[in-house]
Amino acid sequence: MTQDYTISELENIANKLRLHVVEMTYAANSGHPGGSLSAADMIAALYFKFMKHDPKDPSWDGRDRFVLSKGHVAPILYAALAESGYFPVEDLLSLRKIGSKLQGHPVRGKVPGVEMSTGSLGQGLSMACGIALAGKMDGKDYKTICMLGDGELQEGQNWEAAMFARQAGLTNLIAIVDRNRLQITGDTEGAVGLEPLPEKWKAFGWNVIIIDGHNMRQILEALDKAAAAKARPTVIIMKTVKGKGVSFMENNAGFHGKACNAEEQAKAVEELKAVIQ
Amino acid sequence: MTEKLAQRNYYGKALAELAKEDPKVVVMDADLAGSTKTSDFQKVCPERFVEVGIAESNMIGIAAGLAASGKTVFASTFGVFATGRCWEQIRLAVAYPKLNVKIVATHCGISVGEDGASHQALEDIAIMRTLPNMTVVAPADAYEAFAATKALAKYDGPAYMRMGRADFPTILEPDMEFEIGKAKVLREGTDVTIVGCGQMVSSCLLAAEELEAAGISAEVINMSTIKPLDTETLIASVSKTGCCVTAEEHSIIGGLGSAVAEALCDSICAPLERVGTKDTFGESGKPADLMVKYGLTADDIVLAAKKSVSRK
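Heads up: the protein sequence lines correspond to chains R and Y, in order.
Counting with this note's numbering, you get residues 107 to 383 for the letters of the first sequence.
Counting with this note's numbering, you get residues 12 to 323 for the letters of the second sequence.
Worth flagging that the hints you see were computed from the coordinates, not collected in a lab.
Note that the structure is a prediction, hence the values are computed from the model and not measured.
Cβ coordinates follow ideal geometry from the N, Cα and C atoms, glycine included.
A couple of the hints might just be wrong.
Covered by chain Y, per the in silico footprint, the following chain R stretches (three or more residues, Cβ under 8 Å) [said to hold, decoys possible]:
(1) 207–215
(2) 232–242
Computed footprint of chain R on chain Y; a stretch qualifies when at least three of its residues, placed anywhere within it, have a C-beta under 8 Å from a C-beta of chain R [unchecked claim]:
(3) 60–69
(4) 77–85
Cross-link-like lysine-lysine pairs, in silico, PhoX-like; alpha carbons within 20 Å at most [unchecked claim]:
(5) R/LYS242 with Y/LYS35
(6) R/LYS216 with Y/LYS109
(7) R/LYS207 with Y/LYS109
(8) Y/LYS35 with R/LYS246
Use the sequences and the hints to build the structure in full.
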């Protein structure tokens with residue numbers, strides 16, 4: 107199932123997902139809104155335009171597979187799954203509560219549409235390599251898409267996976283790096299620097315596409331270009347703003363793993379509702 | 012006891028048969044295929060063999076992705092690297108979502124020999140056993156390694172199997188059946204229960220003969236599945252004999268000895284003596300010399316059995 111939304115409709119969906127993120131994490135009084143908001147536009151593009159999937163049949167064999175390696179931004183994934191029809195939108199407010207399927211980090215088998223269990227950083231790209239490799243072995247034409255955090259790239263296993271993907275010719279694999287430049291301790295370059303990041307991926311044998319991760323046209327073009335890759339796996343490095351869409355969360359590492367208080371929540375909801383059609 | 016055979020050779024043979032029998036089977040290795048004998052599979056089925064290079068953590072993640080896509084995955088390397096190097100990857104990517112990945116390690120135990128402590132897995136049973144959803148198997152000889160490999164291929168879920176490097180005495184039948192979670196009484200006795208796994212089972216049988224000469228009747232159990240532990244067979248035996256000894260080529264902390272202690276303390280009060288390495292790393296040396304130095308011989312089992320009997 108792919109849907110024929112226009113760019114402005116997709117932008118609007120992204121903002122609806124953002125509102126869910128803010129409401130879910132506020133209800134949970136915990137969670138990771140910052141990196142959820144930076145990823146929102148790409149997630150909207152994936153689930154409402156680019157990926158072939160069927161919310162009524164989550165294990166449909168022909169579906170594209172999505173692995174959220176930065177598992178802490180589960181709220182944005184859950185919001186997209188609910189809005190696309192995998193489970194009722196009302197369930198979103200059970201995030202992080204005891205007995206809920208919506209665990210703090212995604213769990214395979216618990217939530218329809220979640221392909222792999224993640225949350226410990228640095229593992230998703232390896233898992234995505236396995237899924238993509240199975241597709242190649244079986245002659246299936248699905249795509250495997252893996253979203254990574256930028257700070258997460260400090261984990262060495264990513265680079266093991268990057269080397270393997272090139273070696274195995276996984277042209278059906280698309281990595282997406284949410285380059286919001288902030289990790290818990292602050293600027294990624296002040297922690298353990300990642301730059302020159304595009305050159306690193308190129309040196310590992312990948313196609314590299316650099317985009318503005320909040321420009322829907324660029325997002326869609328990059329995904330189409332990545333899907334057409336013939337010789338190498340492709341990474342889309344999307345430059346984003348952590349906390350995008352809520353003024354006081356933007357570029358604020360303090361909202362990496364913290365929900366709004368009541369006052370902040372009212373303001374966040376007001377700001378997001380103002381831009382939702 | 013007939014000849015000595017390497018378990019890994021029979022693992023390789025079983026994989027080569029599985030290549031023909033089961034199209035879902037995929038075999039992975041991390042640059043050690045010649046040693047783990049996954050190369051036997053690679054020779055007959057290169058299209059379903061995955062070389063990941065020297066990158067065990069990545070191997071586990073890829074294995075999980077393959078399993079999530081319907082494959083039955085066997086991922087192999089040496090025991091230290093197969094478990095310790097990527098324990099947390101196994102925890103999150105394999106055990107938690109209960110994926111169909113078999114982590115099969117060779118070169119476990121102190122009988123690895125000359126390579127020394129860096130390569131002698133003496134903690135692997137402990138760290139794998141603690142993972143929810145994980146099955147842990149340690150076959151006694153090459154024939155059981157073959158049968159266990161076939162049984163694991165039919166079992167849908169995460170499992171760890173440990174094997175040694177050296178040639179071990181064969182004590183079971185070449186065409187034996189292996190049932191996951193089922194221990195076998197290899198010798199009946201009335202005075203002490205000796206529970207072993209891996210190559211120590213053959214030493215348990217030798218010890219039982221020595222004990223018989225000393226007037227002690229020993230029952231020997233091959234506990235080749237350490238998790239889930241066959242508590243029924245264990246408790247039935249210890250209820251009869253009144254005391255117990257465990258023997259493993261592994262630390263006495265967390266392995267078979269601990270599993271048996273846990274089972275006993277849940278249901279029966281009986282003395283238990285544990286033969287295994289005593290909270291220590293190994294070292295380089297000839298396998299046989301190391302087995303003596305670290306207290307892993309039939310004589311050590313005899314002493315432990317006598318002590319256990321005396322504590323009744």
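Checked hints:
no.: 1; hint: 207–215; result: holds (count 3)
no.: 2; hint: 232–242; result: holds (count 10)
no.: 3; hint: 60–69; result: holds (count 6)
no.: 4; hint: 77–85; result: holds (count 6)
no.: 5; hint: R/LYS242 with Y/LYS35; result: holds, 14 Å
no.: 6; hint: R/LYS216 with Y/LYS109; result: holds, 12 Å
no.: 7; hint: R/LYS207 with Y/LYS109; result: holds, 16 Å
no.: 8; hint: Y/LYS35 with R/LYS246; result: holds, 15 Å
Consistency with the previously given hints is maintained throughout, with no hint failing.
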